Amino acid sequence: MYQGIAFRTAFLLTGSASEAEEAAQTAFVKAWSALPRFRPGAPFKPWLLRIVANEARNRRRQLGRLRALELRATAAHPLGDAAPSPEGAAIGRELRDRLLAAVSRLDERDRDVLTCRYFLELSEEETAAVLGVRPGTVKSRTARALSRLRVEVEGVEP
Amino acid sequence: MSELERALVALGRELDVPEAPDPVPAVLGRIGPRRTVHLPRRRLVLALAVLALAALGATLAIPEARSAFLRILDIGGERIEIVDELPELPLVHELERTLGERVTLAEARRRRNFELRGLERAPDGVYLGARGTVWFLYGTPERPRLLLSQTPLLDVDAPALQKKLVGSGTLVELVDVDEAEGAFLSGEPHFLFLIDETGNTVEDSARLAKDVLLWDEGGVAYRLEGDLGREEALGLARALRSSN
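From first to last, the protein sequence lines are chains X and V.
Sequential numbering from 997 applies to the first sequence in our numbering.
Sequential numbering from 1379 applies to the second sequence in our numbering.
Keep in mind the hints are simulated off the structure, nothing from the lab.
Watch out, some of these pointers could steer you wrong.
[As the list claims (entries may be wrong)] Short, incomplete list of chain X residues facing chain V, as computed with Cβ under 8 Å:
id: 1; residue: G1000
id: 2; residue: F1003
id: 3; residue: F1007
id: 4; residue: A1013
id: 5; residue: A1020
id: 6; residue: R1094
id: 7; residue: L1096
id: 8; residue: L1102
id: 9; residue: F1115
id: 10; residue: L1142
id: 11; residue: V1147
id: 12; residue: E1148
[As the list claims (entries may be wrong)] Selected chain V positions facing chain X (Cβ under 10 Å, derived; list incomplete):
id: 13; residue: E1383
id: 14; residue: A1385
id: 15; residue: L1386
id: 16; residue: A1388
id: 17; residue: L1389
id: 18; residue: P1396
id: 19; residue: E1397
id: 20; residue: P1399
id: 21; residue: D1400
id: 22; residue: P1401
id: 23; residue: G1496
id: 24; residue: G1613
id: 25; residue: L1614
[What the hints assert, rightly or not] No more than 20 Å apart at the CA atoms, straight line, and that leaves these computed lysine to any residue pairs for SDA-like:
id: 26; chain 1: X; residue 1: K1041; chain 2: V; residue 2: D1400
id: 27; chain 1: X; residue 1: K1041; chain 2: X; residue 2: S1119
id: 28; chain 1: X; residue 1: K1026; chain 2: V; residue 2: R1619
id: 29; chain 1: X; residue 1: K1026; chain 2: V; residue 2: P1399
id: 30; chain 1: X; residue 1: K1135; chain 2: V; residue 2: P1399
id: 31; chain 1: X; residue 1: K1026; chain 2: V; residue 2: V1553
id: 32; chain 1: X; residue 1: K1135; chain 2: V; residue 2: L1494
id: 33; chain 1: X; residue 1: K1041; chain 2: V; residue 2: V1553
id: 34; chain 1: X; residue 1: K1026; chain 2: V; residue 2: S1380
Keep in mind the model is a prediction, meaning the values are calculated, not measured.
Ideal Cβ positions, reconstructed from N, Cα and C, are used throughout, including at glycine.
Input sequences plus hints: build the corresponding full structure.
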């Protein structure tokens, strides 16, 4: 049930399928061991994803790798546009590549919060739980990361 | 939501994320019966040479980039990293520097809100370390005979408490301490680091450790360190009593 989101989270944080697989597996093992300590009634997804994210970030730290450089986008149409013209597709691809490259140039803290908020589409509360920070920190960190991202991409208007 | 935020969401949906592999067989395998892990003995000569130099207090000169991680185990609040080459490490020789604040047993009981356990005889030294750890020292800091540490595991997904860097001359055995999963490290000494609350290694805390038994039980991570065999260490672990 949570396999997909666990792997996706680990992959987006490590940028490596093999590391993501290991991180997700280890996280499931840890979560299984910790289930007796899981607080009944608490949301399960952020609790699990926090374990996944910690594993993924530990692995990333050990590898010393810039994971974002390994991310690729698949679609060739403009961002959020379902039926592009050929010209529109080229523009969209350029924008998407520029945005991805800009995200890759951010530091890990900025990338992690943007990954949680926008690539994983987690709420501020869920992001806070996953990253182990307060919701207010997520809000301020997101604003700073977006501001830096705007500078990086320049052509993308807020 | 701004245009930039919408673009990020759209980008996220278009990222090329591989299909999630089925983790069930691997996870079931990892939570299965206990097993013993015998480390490969390759590059033993190099590991022995490195450790001998370390014991003499030398700064080792093996490029960190050449160190290849072979496997990682997380047990008893400790991360065990088994490598085929050990990195450059300035070592700490004053044991007390890595333990923390020296206090009385009564003070430790007062300042730590979990049940402390110990051997029948009182420890010769008690220290309050990082992340809620209580250290019991039997012997003297100069000539320690046994070290027992206890750390509350408040959150299982928190970073490991300590990191061990183990060369190929060290044997890691997964053992049962009563009903708890544990590991016993023996053979060649290994490097031991503290890890801070953010998961980063405290580089200046590296020291050599002897035989160690690790396990966690009842939300507390325990480690017994000394010149012990496996059975003696397991016997001591089972003999621990409440010190409260």
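(request) Kindly indicate which numbered hints from before are broken by the structure, ordering the numbers from low to high. (result) Hints 6, 8, 11, 12, 23, 24, 25, 28, 30, 32, 33 and 34 contradicted; others consistent.
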